[in-house]
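Chemist: Throw the hints in and build the complete structure from the sequences for me.
Residue-level listing of the chains:
There are 6 protein chains.
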Amino acid sequence: MGKKVVTFGEIMLRLSPPGYERFVQAEKFNLVYGGGEANVAVSLANYGLDSYFVTKTPQHEIGQAAVNHLRRFGVNTAYIARGGERLGIYFLEMGASQRPSKVIYDRDHSAIAQAQPGEFDWDQIFTGAEWFHFTGITPALGDGPAAVTLEAVKAAKAKGVKVSVDLNYRKKLWSQEKANQVMGGLMDYVDVIIANEEDAEKVFGIKAASTDVTTGKLNEAGYRQVAKELADRFGLEKVAITLRESISASDNNWSALLYDHQNYYRSRVYNVHIVDRVGGGDSFCGGLIYALLAGKSAEEALEFAVAASCLKHTIFGDFNLVSAGEVQSLAGGDASGRVQR
Amino acid sequence: MGKKVVTFGEIMLRLSPPGYERFVQAEKFNLVYGGGEANVAVSLANYGLDSYFVTKTPQHEIGQAAVNHLRRFGVNTAYIARGGERLGIYFLEMGASQRPSKVIYDRDHSAIAQAQPGEFDWDQIFTGAEWFHFTGITPALGDGPAAVTLEAVKAAKAKGVKVSVDLNYRKKLWSQEKANQVMGGLMDYVDVIIANEEDAEKVFGIKAASTDVTTGKLNEAGYRQVAKELADRFGLEKVAITLRESISASDNNWSALLYDHQNYYRSRVYNVHIVDRVGGGDSFCGGLIYALLAGKSAEEALEFAVAASCLKHTIFGDFNLVSAGEVQSLAGGDASGRVQR
Amino acid sequence: MGKKVVTFGEIMLRLSPPGYERFVQAEKFNLVYGGGEANVAVSLANYGLDSYFVTKTPQHEIGQAAVNHLRRFGVNTAYIARGGERLGIYFLEMGASQRPSKVIYDRDHSAIAQAQPGEFDWDQIFTGAEWFHFTGITPALGDGPAAVTLEAVKAAKAKGVKVSVDLNYRKKLWSQEKANQVMGGLMDYVDVIIANEEDAEKVFGIKAASTDVTTGKLNEAGYRQVAKELADRFGLEKVAITLRESISASDNNWSALLYDHQNYYRSRVYNVHIVDRVGGGDSFCGGLIYALLAGKSAEEALEFAVAASCLKHTIFGDFNLVSAGEVQSLAGGDASGRVQR
Amino acid sequence: MGKKVVTFGEIMLRLSPPGYERFVQAEKFNLVYGGGEANVAVSLANYGLDSYFVTKTPQHEIGQAAVNHLRRFGVNTAYIARGGERLGIYFLEMGASQRPSKVIYDRDHSAIAQAQPGEFDWDQIFTGAEWFHFTGITPALGDGPAAVTLEAVKAAKAKGVKVSVDLNYRKKLWSQEKANQVMGGLMDYVDVIIANEEDAEKVFGIKAASTDVTTGKLNEAGYRQVAKELADRFGLEKVAITLRESISASDNNWSALLYDHQNYYRSRVYNVHIVDRVGGGDSFCGGLIYALLAGKSAEEALEFAVAASCLKHTIFGDFNLVSAGEVQSLAGGDASGRVQR
Amino acid sequence: MGKKVVTFGEIMLRLSPPGYERFVQAEKFNLVYGGGEANVAVSLANYGLDSYFVTKTPQHEIGQAAVNHLRRFGVNTAYIARGGERLGIYFLEMGASQRPSKVIYDRDHSAIAQAQPGEFDWDQIFTGAEWFHFTGITPALGDGPAAVTLEAVKAAKAKGVKVSVDLNYRKKLWSQEKANQVMGGLMDYVDVIIANEEDAEKVFGIKAASTDVTTGKLNEAGYRQVAKELADRFGLEKVAITLRESISASDNNWSALLYDHQNYYRSRVYNVHIVDRVGGGDSFCGGLIYALLAGKSAEEALEFAVAASCLKHTIFGDFNLVSAGEVQSLAGGDASGRVQR
Amino acid sequence: MGKKVVTFGEIMLRLSPPGYERFVQAEKFNLVYGGGEANVAVSLANYGLDSYFVTKTPQHEIGQAAVNHLRRFGVNTAYIARGGERLGIYFLEMGASQRPSKVIYDRDHSAIAQAQPGEFDWDQIFTGAEWFHFTGITPALGDGPAAVTLEAVKAAKAKGVKVSVDLNYRKKLWSQEKANQVMGGLMDYVDVIIANEEDAEKVFGIKAASTDVTTGKLNEAGYRQVAKELADRFGLEKVAITLRESISASDNNWSALLYDHQNYYRSRVYNVHIVDRVGGGDSFCGGLIYALLAGKSAEEALEFAVAASCLKHTIFGDFNLVSAGEVQSLAGGDASGRVQR
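In the order they appear, the protein sequences are chains A, B, C, D, E and F. Okay, so the first sequence: first residue is 729 according to this note's numbering, each after it adds one. Okay, so the second sequence: first residue is 729 according to this note's numbering, each after it adds one. Okay, so the third sequence: first residue is 729 according to this note's numbering, each after it adds one. Okay, so the fourth sequence: first residue is 729 according to this note's numbering, each after it adds one. Okay, so the fifth sequence: first residue is 729 according to this note's numbering, each after it adds one. Okay, so the sixth sequence: first residue is 729 according to this note's numbering, each after it adds one.
Hint data in this document are derived by calculation from the structure and do not stem from the laboratory. Check each hint, because a few of them may be wrong.
Claimed, not checked - The list that follows gives simulated cross-link-like pairs (lysine to any residue, SDA-like), each with its CA atoms no further than 25 Å apart:
1. E/K731 <-> A/A806
2. F/K830 <-> A/E813
3. E/K930 <-> C/R1069
4. D/K899 <-> C/R810
5. F/K756 <-> D/E755
6. C/K830 <-> D/Q787
7. A/K756 <-> C/N758
8. E/K731 <-> A/L878
9. F/K899 <-> A/R1066
10. C/K830 <-> D/Y818
11. C/K756 <-> D/E755
12. D/K732 <-> B/D778
13. E/K830 <-> F/G812
14. C/K731 <-> F/R799
15. E/K756 <-> C/N758
16. A/K756 <-> B/D778
17. F/K900 <-> A/Q1068
18. C/K830 <-> D/L759
19. C/K731 <-> F/Q792
20. D/K935 <-> F/K830
21. F/K830 <-> E/R799
22. D/K756 <-> A/L759
23. A/K830 <-> B/K756
24. F/K756 <-> C/R1069
25. D/K756 <-> B/D836
26. E/K906 <-> C/R1069
27. D/K830 <-> C/Q909
28. D/K756 <-> E/S1064
29. F/K900 <-> E/G811
30. B/K830 <-> A/R1066
31. F/K830 <-> A/K830
Modeler: Structural data, given as structure tokens:
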């Protein structure tokens, strides 16, 4: 069993029509469970770490099924609180070609959204831990979760646990003003930040000049500057920015950039034929955290993280069900997809 | 197109694991949409009436899919209001043999639960209508829906529309005290009441002596007295009581009793091998309303209603997808189930 | 490879909604291929005989798929003619409990319905054959198929091939008058007849006194008399009558009676919990033909045939996919259904 | 409820093996219902118009299921006649890469193919209507349907209803000579014509010089000339030609051209990754009719129609289940397919 | 987390055709993982105990999936050895009515069948444990597993861990002579034995007079004597005998008998409508072990175990996915199967 | 019925998770049966030849299902021996984009792997035959199968039957040394050899200079030289080399090269969007054998074989379910994938 790592956030029931059916056609839903930090926890468990996911789920069988889904893929669920009325739900319609995927959230009033400070024993949770990860979604769930997140990062810092955050701005959950204020307060405790092309601007007003995400054109110089500005403003150790060029709902170019105060690293670009795009960013975070904990260099860690998230796009569900060996093989250069017998 | 009939209430997304899978096993959910009054509306549409269902659903595609599900089976959805945040959900696990079916409700904060008086134009809705039906679930959804229900029954009465109610007590939605008070206030406008073995006691404290529903033994004399007491207390035209003897989750005996101030009628008893038990009571209401509107005698109407609901137990989903001819054939005595070529 | 046997008739595409779904609910159809004589051919192939099915199917892929379905289960398709426009189709909705199964036929204008005398080389077909079987459905398909059937039975007789017929009256295909006339003309060439409770009356006006099939009550004495009358009128070697008591669409009692001019044999009665009732009579024919060809006594052959058809009721599709050993085990008395490891 | 629009034609049961299975592999069929004019009716209902589809379907449950399928997606089915023996069927095998999709028609003898003049009350149907649409398939179904179509266009013209036709030549249904004669007779009543690359030549002998559809190379100048010739010969208001470059069964380039006597407009070209190609042309017609009725300019209407049909290629089934907003968003330039949360 | 319990044996991949399909019809297999002792481990985890399953599975993904399946349902897999070539497989065809279920084993050469003494650290495994359970299948897998089992029971005894065995004779795995010798050697370390109607005779030659399992008739007096003889011969604390009356593959009567040197207890008899009969005996063991560890009386423990296994028959897969509360509710008398809302 | 052709080898049960699910996600397996020589036999049956597949399968129903799968697609199974314990199994996980497909073999101890010389009557088998095909997999299954293969090629040669081999090196089955020795011994009897880019090097040490299969770059000159060297060393009539450029698991370029001592032919290159890549090489062999038997020129035969295998990549399962006409149409130049109505 590897090093102890902890993530904290919401896990939701995800319901998606089969194949490329639209919501109004569906007679069945495929169901999985997922959420930003839960997805990272599964990645880390797959890579062999002793991975804990902290959340709150209702006592009933739907809550239990979420817990079982995590256990199945090796996540330790011992610190999950049970209570509240409902599990958050999101409905996902898979896009194709020029038709975008659609997400309908039904996550209000969930058990974790109503969590309050004092419900989790962070001291026990962080005993022996080496890394703590959360995303910008968790504090956006409500004042309770925001306060609990602050509790958590403080406790982590006090125990010398490294802290990472994926900015992950969600406009349906909070305003940019609120995000700026709450996230700003949490940044004092953060060591590593991961963001996508838009997050830094939405949350902190740090903007890459002249990039329009709907055209898919990227402006690398602009993102370098965003990374540097984030690192400088918040005294961060590392800043990673994922770069998605969306050619269509079926095909994306995927790469990332890492800044460590000394160098800017730009990863290989993968042209990905998409099976399931959800959790792409989370799988990058999982890859990066694992690689850094495993002592890889910044450049290697970036390539590992991008390869991990490239593979995620080929796997149904929120979770990135790949081994470190599979990621390493792709990061090492074999992208031919030849059958392995 | 037959006579205009109106029902009002909640329609929910129903999610059930395939076959007899337990919630913790499910990787897929079958999805249908249903709810007490929506189910009655579909029955009435199937029988050829001009059937309207009134509710409120969110603007998003899940709300639209619920509307489409009603339209598919012939219900007129022109009076459905659109708005609110979410559609109520219920999870259904199918029981078998000694293992009971399980329902987990996730219906709080639904669009209809937050409806307020004034949102529906009852005057227009009841123009030309001959029957209005609701259940005890609708006022139990909250003070808003309770007030809207009162609005509706008053408007119906004012237009000379016949009003029926299915008591349908749900302990998870309100206390017996609250139910007694709210339902009592609505009974002034009701002409026909339908109840199951337990409802009269739970809502109005009217109890059949010595019947234990978990043993499946029925006490017919006791139910006659309950029917009479209900009819007398509320000045009702007719009282129907459905009688379920639960031998197991797979096999039930099903019959009913009708009292019309002159006679007590006891229907034939069907030994039903269950495909989907949900909506059994609703299909009884649909059968009874149709048969009474069609001018059948009390006795014939009772037999039609019981035969209709017998058939419902053999059909997946909340809706009773049978024609009047099919019901009539069973009510007329052919229960042999021989292949129809 | 066992003795050569030949059957002749129609094979149709059968489309049925999954589980107990009604037609108006279906989003998928399960598909198999079947038809009276094709079903018998598969039974005989399963029992190890060299079984040929003769029909005509269109050249296109749906016609080919029907041929493949027969090949898969061991039927020799070498004599099947290819041509015509369409394959007959029937839609099947599975009943349950008091709700009957429903069949909608869409078989008009099929390739075989348009077959004409001269299209099949009966001389070659019957070379080396020991048994020929057809049903009353084939001549009912039209004047062409009726003429071809007459061609076939004459050729069979000329080659000394034993001939059996399953009366199988279908009121949607022809009138009782037409059936009487056509079937009467064919009976000169028949050695063994199989009929269900109603066929003899519908086709030949031979009626068992006072049996009402919708009540499920059987009148054994009446059926003995029907058997004798059939045997005497047409100079038959053996007459078998299958006896179905339909308790519901889910549960039937199933047995049969055999008359051989010397004795009346009544089989064991099986209480069958039904998986798929279609092809029940055909599987009886298949069992009877096999058992007689295998040299079993009349009584043993009857028990084998009834056991075979009892098992058919537990198997999805028209075909009775059982081995002679499995049938023998049930006919031999082990009906406990204990797991075989 | 928007403007009243009417379409008339056949709706068929469509049966397709799951995924990319070949016919001979299929154990299940996915089923939807569709047909050229029904598909247009659904598009128009989706866009908010008061959309009526006129046809004739059998009384049985398969006929009813087709009606229900239309109701589900908002089409008004009040004018559908019931009767006849069967619903037309088509079997669809989905192609992939270099393997083409295959369609096997089994539509002869359908209820609508046997319709005769006098069965539809066109006067009532066109009261209040603003647009009537049909395709070249309907008159090809037989002399009856051809005569009914003539009845319809005359009635439409008499009521001042705008008439559009999609040429849609089907070589399996009639010869080019017959098509030329019948379609020629109908063109007097037509205002707007839509055709694909081949239709004008097959039906009216109007040929674009030197284009080979199997190479996928397009000859825009040629199509301009075809459009002009069609417009001039029949005195049309507008002519639209859809242009498909078939790279493979999986990938097509899709665009269109519109001529309005003043200008030729050429739309944007979409590189489409195909989910379901059937109904592509119909969705173009639906988009064009809606856009013209909504008062968009010729150029805007063309772009709307092409965007609508681009999206159709990503949706399973014949129907184009998209909203006007979704089409507008793509026509407005966002083809990135980014997830919409 | 409750008391530590340990089971040891084989977990297999189980492949079963959907529904009641026969093997030769199957185009899909449902897959679960199961095996006697694994099934008991899951029962105990469900009841809240700290449940460990010990086995050996291959390193590859099929081996991993078996481990994940156990983790999902709460079993601790920390002591599972990884290695060997293959996971054992069994194919299961579900019977119905008079057609028996069929099992085809393909378990030779599995990883656990090739395990050797010394591969498991029993000392560590039993530290803190209170109960050890195995079945007669494990030593039947080969001389290696038999030796490992002996290692285990000795270690358990040495640590004061209570030991139970389910005799579970499998004629395909070994002869009665071999079973007698090996099981006899293990019995010195056993405290509680569970057997079905046939095991005691097959393994130890202890026979209940005149019971024929294929008739379903039971001879209670005979089984009392068998229990006493087992208890006396091997100095056992308790002997339980499960009693299955097989009416058909669809319906069984199920009960059990317990002897504790002082009394014979006979449980309630459940008439079970079967969903999945596999694992019925294992779920009895799980119920009995839990109830005894929970301090229930012999009589209560017997009723809990029978109720638990009654519920198992209603659940798909080998595992008994029920909570202690659900079992207690049935054992407490509510077998009505009424919907729980 | 065309010319008699024979193939010999193993047929396995293939189990694959639905869609792109990973093994650890699977709750169902799709099942087909396949294997190198069985796949060739099906191709040849599809093309109208009298195609026999020779193997040994267990008596049980899984063995029977494999036989039925072959019969369904027209292969003659009369020479298949029955016996042994198990059917070989392979698990297949479908890759996508950068994630490779994975195969886990569980084929040890299969019935055919334990076959011994003398079990097959090669004299009878080759009577009237014109071609015999096997692959390098069969002798790799064990010394028994290797000896039987030698028996077979000697018998074929003696009867003047043309012999082809597909080298198909499998590193999991044997070492390069063993392969070299055994295959070398068989080559004396071989007329035509087919190999992929790597086989010649792995088995015979004949290497194309500087080609790295993971980059997808091909070195045509190198492969010409490999073909010549093979032809010269073993005195072969023809050598074909398939050339796969693996762009990703979803997209491959596919072509081949043929050498006949006079010329080198290089086929057209197909850019294939992959549905199921397994059996690609086998379908090439099937196409080549058919085309040569049909008297096509070397160049035509090569194009036919490449077109056949291009189509295979679009078909689920191991078998190439295409007709000669479909292949010819693609080989003739129509790769547009336009719908065929």
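Chemist: Confirm or reject each hint.
Modeler: Now the hints, each set against the structure:
1. For the hint linking E/K731 to A/A806, the alpha-carbon distance of about 16 Å falls within 25 Å, and the restraint holds.
2. Taking the CA atoms of F/K830 and A/E813, the gap is near 42 Å; set against the 25 Å cutoff, the hint is violated.
3. Distance restraint check for E/K930 and C/R1069: the Cα-Cα separation of roughly 15 Å lies within the 25 Å cut-off, and the hinted pair is therefore satisfied.
4. The straight-line distance between the Cα atoms of D/K899 and C/R810 is roughly 23 Å, inside the 25 Å bound, and the hint therefore holds.
5. Restraint check for F/K756 and D/E755: the C-alpha separation of about 16 Å stays at or below 25 Å, so the hint holds.
6. Taking the CA atoms of C/K830 and D/Q787, the gap is about 14 Å. The hint holds against a cut of 25 Å.
7. Under the criterion of a C-alpha separation no larger than 25 Å, the hint pairing A/K756 with C/N758 is consistent with the structure, at around 17 Å.
8. With a CA separation close to 36 Å, the supplied pair E/K731 and A/L878 exceeds the 25 Å bound.
9. With a CA separation close to 15 Å, the supplied pair F/K899 and A/R1066 stays within the 25 Å bound.
10. A C-alpha spacing of about 23 Å is found between C/K830 and D/Y818, which places the hinted pair at or below 25 Å, so the restraint holds.
11. Taken as a hint, the C/K756 and D/E755 pair is honoured in the structure, with Cα atoms around 10 Å apart against an allowance of 25 Å.
12. Restraint check for D/K732 and B/D778: the C-alpha separation of about 22 Å stays at or below 25 Å, so the hint holds.
13. With a CA separation close to 19 Å, the supplied pair E/K830 and F/G812 stays within the 25 Å bound.
14. A C-alpha spacing of about 20 Å is found between C/K731 and F/R799, which places the hinted pair at or below 25 Å, so the restraint holds.
15. Annotation: proposed proximity of E/K756 to C/N758 holds, straight-line Cα distance about 13 Å (limit 25 Å).
16. With a CA separation close to 29 Å, the supplied pair A/K756 and B/D778 exceeds the 25 Å bound.
17. A C-alpha spacing of about 11 Å is found between F/K900 and A/Q1068, which places the hinted pair at or below 25 Å, so the restraint holds.
18. For the given pair, C/K830 sits about 19 Å from D/L759 by alpha-carbon distance, which is consistent with the 25 Å threshold.
19. For the hint linking C/K731 to F/Q792, the alpha-carbon distance of about 21 Å falls within 25 Å, and the restraint holds.
20. Under the criterion of a C-alpha separation no larger than 25 Å, the hint pairing D/K935 with F/K830 is inconsistent with the structure, at around 51 Å.
21. For the hint pairing F/K830 with E/R799, the CA-to-CA distance comes to about 24 Å; that is within 25 Å, so the pair holds.
22. A threshold of 25 Å between alpha carbons decides the hint, and for D/K756 with A/L759 the separation of about 22 Å falls inside it, so the pair holds.
23. For the given pair, A/K830 sits about 19 Å from B/K756 by alpha-carbon distance, which is consistent with the 25 Å threshold.
24. With a C-alpha separation of about 23 Å, the suggested pairing of F/K756 with C/R1069 holds against the 25 Å cut-off.
25. Between D/K756 and B/D836 the CA atoms are separated by roughly 39 Å; this puts the pair beyond 25 Å, and the hint is violated.
26. Only pairs whose Cα atoms come within 25 Å are accepted, and E/K906 paired with C/R1069 is accepted, the gap being roughly 19 Å.
27. Between the alpha carbons of D/K830 and C/Q909 the distance comes to roughly 44 Å, so the proposed pair goes past 25 Å and is violated.
28. For the suggested pair D/K756 and E/S1064, the alpha carbons sit about 37 Å apart, so the restraint of at most 25 Å is broken.
29. Taken as a hint, the F/K900 and E/G811 pair is honoured in the structure, with Cα atoms around 17 Å apart against an allowance of 25 Å.
30. Using a Cα cut-off of 25 Å, the hinted pair B/K830 and A/R1066 is violated, with the two alpha carbons roughly 47 Å apart.
31. Using a Cα cut-off of 25 Å, the hinted pair F/K830 and A/K830 is violated, with the two alpha carbons roughly 31 Å apart.
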